[in-house]
Amino acid sequence: MSSTFSNPAQSTDTPATGTARVKRGMAEQLKGGVIMDVVTPEQAKIAEDAGAVAVMALERVPADIRKDGGVARMSDPDMIEGIIDAVSIPVMAKSRIGHFVEAQVLQSLGVDYIDESEVLTPADEVNHSDKWAFTTPFVCGATNLGEALRRIAEGAAMIRSKGEAGTGNVVEAVRHLRQIKNEIARLRGYDNNELYAAAKELRAPYEIVKEVAELGKLPVVLFSAGGVATPADAALMRQLGAEGVFVGSGIFKSGDPAKRAAAIVKATTFYDDPKIIADASRNLGEAMVGINCDTLPEAERYANRGW
Amino acid sequence: MAELSSAPVIGVLALQGDVREHLIALAAADAVARPVRRPEELAEVDGLVIPGGESTTISKLAVLFGLMEPLRARVRAGMPVYGTCAGMIMLADKILDPRSGQETLGGIDMIVRRNAFGRQNESFEAAVDVKGVEGDAVEGVFIRAPWVESVGAETEVLAEHDGHIVAVRQGNALATSFHPELTGDHRVHGLFVDMVRGNRTAESL
Numbered sequence: 004m005s006s007t008f009s010n011p012a013q014s015t016d017t018p019a020t021g022t023a024r025v026k027r028g029m030a031e032q033l034k035g036g037v038i039m040d041v042v043t044p045e046q047a048k049i050a051e052d053a054g055a056v057a058v059m060a061l062e063r064v065p066a067d068i069r070k071d072g073g074v075a076r077m078s079d080p081d082m083i084e085g086i087i088d089a090v091s092i093p094v095m096a097k098s099r100i101g102h103f104v105e106a107q108v109l110q111s112l113g114v115d116y117i118d119e120s121e122v123l124t125p126a127d128e129v130n131h132s133d134k135w136a137f138t139t140p141f142v143c144g145a146t147n148l149g150e151a152l153r154r155i156a157e158g159a160a161m162i163r164s165k166g167e168a169g170t171g172n173v174v175e176a177v178r179h180l181r182q183i184k185n186e187i188a189r190l191r192g193y194d195n196n197e198l199y200a201a202a203k204e205l206r207a208p209y210e211i212v213k214e215v216a217e218l219g220k221l222p223v224v225l226f227s228a229g230g231v232a233t234p235a236d237a238a239l240m241r242q243l244g245a246e247g248v249f250v251g252s253g254i255f256k257s258g259d260p261a262k263r264a265a266a267i268v269k270a271t272t273f274y275d276d277p278k279i280i281a282d283a284s285r286n287l288g289e290a291m292v293g294i295n296c297d298t299l300p301e302a303e304r305y306a307n308r309g310w
Numbered sequence: 030m031a032e033l034s035s036a037p038v039i040g041v042l043a044l045q046g047d048v049r050e051h052l053i054a055l056a057a058a059d060a061v062a063r064p065v066r067r068p069e070e071l072a073e074v075d076g077l078v079i080p081g082g083e084s085t086t087i088s089k090l091a092v093l094f095g096l097m098e099p100l101r102a103r104v105r106a107g108m109p110v111y112g113t114c115a116g117m118i119m120l121a122d123k124i125l126d127p128r129s130g131q132e133t134l135g136g137i138d139m140i141v142r143r144n145a146f147g148r149q150n151e152s153f154e155a156a157v158d159v160k161g162v163e164g165d166a167v168e169g170v171f172i173r174a175p176w177v178e179s180v181g182a183e184t185e186v187l188a189e190h191d192g193h194i195v196a197v198r199q200g201n202a203l204a205t206s207f208h209p210e211l212t213g214d215h216r217v218h219g220l221f222v223d224m225v226r227g228n229r230t231a232e233s234l
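Chains as they are written, first to last, in the working numbering: chain A, 4 to 310; chain B, 30 to 234.
Here are the computed lysine to aspartate or glutamate pairs in the DMTMM-like style, where the Cα-Cα straight-line distance is at most 25 Å:
no., chain 1, residue 1, chain 2, residue 2
1, A, 278, B, 69
2, A, 48, B, 151
3, A, 48, B, 132
4, A, 184, A, 210
5, A, 48, A, 88
6, A, 48, B, 126
7, A, 278, B, 73
8, A, 278, B, 98
9, A, 278, A, 259
10, A, 220, B, 214
11, A, 70, A, 128
12, A, 184, A, 276
13, B, 123, A, 88
Not the full set, but computed from the structure, chain B residues with beta-carbon under 10 Å of chain A:
no., residue
14, 45
15, 46
16, 83
17, 85
18, 114
19, 115
20, 152
21, 154
22, 156
23, 172
On the chain A side, residues computed to face chain B include the following (Cβ under 8 Å):
no., residue
24, 22
25, 25
26, 116
It is worth saying that the hints were derived from the structure and are not from the lab. Think of the CB as a built atom: it goes at the ideal place given N, C-alpha and C, for glycine as much as any other residue.
Extracted from the complex, chain B is given alone in its bound form:
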């Protein structure tokens, strides 16, 4: 892992999904961003983004290539993680309607409903006020998006849309139903990079 004075190294889980957009957003938020597909690559990062994609595909590939257990171990040990859309589903302790055999990493005490906002025809953009993000509302791009049905006592709700929870944080784990990586507004990624910096400082004490 990188020296404290240098930029944090943040991986993007690159099994499937919009990896490129997250790498660009992280770099714009002053992190060193790199794709992660193997356990040895995971070991070298200070934090990890789980991108949007198909949650069933990402989950299957993570099991198949021996990443699921190392990922769970790192998340349990407090590595900062940020999941968007499919990534939010991966970070949920429980999925309301999982496909057979669909596993999650867990890390956030919440129950998530997949495709809760509907199919592609119902996908939408809307302004979202996110706690911890200064200034104007974030442009929320919701694509076949999940929402959070319920959260545990330790989980902080950061944003809602239309009465549904769409952004949460528990400790070092952050999740959004929407895709800031598609907007060119890097403030949510900036929030996550700050979480990674804070964690590095805390670990070095």
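So here's chain A without its partners, still in its complex pose:
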């Protein structure tokens, strides 16, 4: 299972930290689970009690970032540490795209995963952070296969869709997952001669393109993110091939967060059992109101951030 694009530090004679296997392996442990956005230690505990596999610590959920406008940045270290102290499950936090100093700060705080996220305002219009330079693993968003493979080339150890965060509308995440899956299926049918042209077209390194063509999947874990608001949304993303689900505003912007969080966890595990999804969907109270992505002006579309 060794990858072409992995860290040099693979020797097992002395303990080696921050290897590709350790970073990617961490995401493998999150599979089948739900990662929830939280803004306080209390919310983090609610998420943990509901069965979340990890929490994303941030100052404002995406729905509020949209409402407030302005520049969105890394969260206050005090706030992140408060959440780290409150729970025993892994804690993730977001850095701006290309803001490698925010990422250095997050690593020094001891977060378990860094999300180089389009939900925050990008700090660099050309370059994403060099993620190989960190011990802490990164998750990055992607709208298509080429974007996913460029992030993996930069060292991302986990990929998620880039569904429009804070809208409560799953349509964009569905588009991204279908796109990635279709492009992988197409690669599977290519012979060796065609893979070079495919790499050029995807604007991704040939070695990773070849690896994906052989594996029939990304060499890292693929989650859905953006717009999940209900148990059925979560199950939909899993049936479309997501190995787990990020839920942002959908839980703590709803009527009964604890109940909705537990219901989404159940539906994510039994994503192929409509009876269980039906039971999980009963009496959840109000879902977040949501935004129609069609009415979003181009400038407010987070998926356009990053390249």
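Dock chain B against chain A, hints included.
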């Protein structure tokens, strides 16, 4: 359960975690591997792997979906089980620092400390000599891994790292702090498949 002459059927508890990697490793070690999420699926397997994942999540889902008691009953009745990382925590009779309401299956007389080797930044790879696994040391991948604080008289220590117990066996129950399923080296899974075969033969006598 399968005929004695055929390959043993081994389930992987598929509530959450790296289920796919265990299914692949078991198949490579000549078992018939299948995911288990329901009591009726549990009833059909000769042995069970509890994968890595989040132990709090796996424990909650097992209670919620009525699997905890059937699992305990099968383990008590001697079904071979193998737990990695979170799975090791699930097989511990006692957790040193459990989250409120966190239950385990038990099966191994040991006290386990969760995330004992630290957070993700401290996660590491190191060579581990495992008793019962022939040849070179096993590549140990430790991810926010637990270690075993202490074991009872019946529990055999199979491996240590840096003075801490990281692999144990008691009767038909096997547990490792690390993740052989992530390495492509299937010898530890082979050891477990042999335990399942041995148990089937013993039960048929």
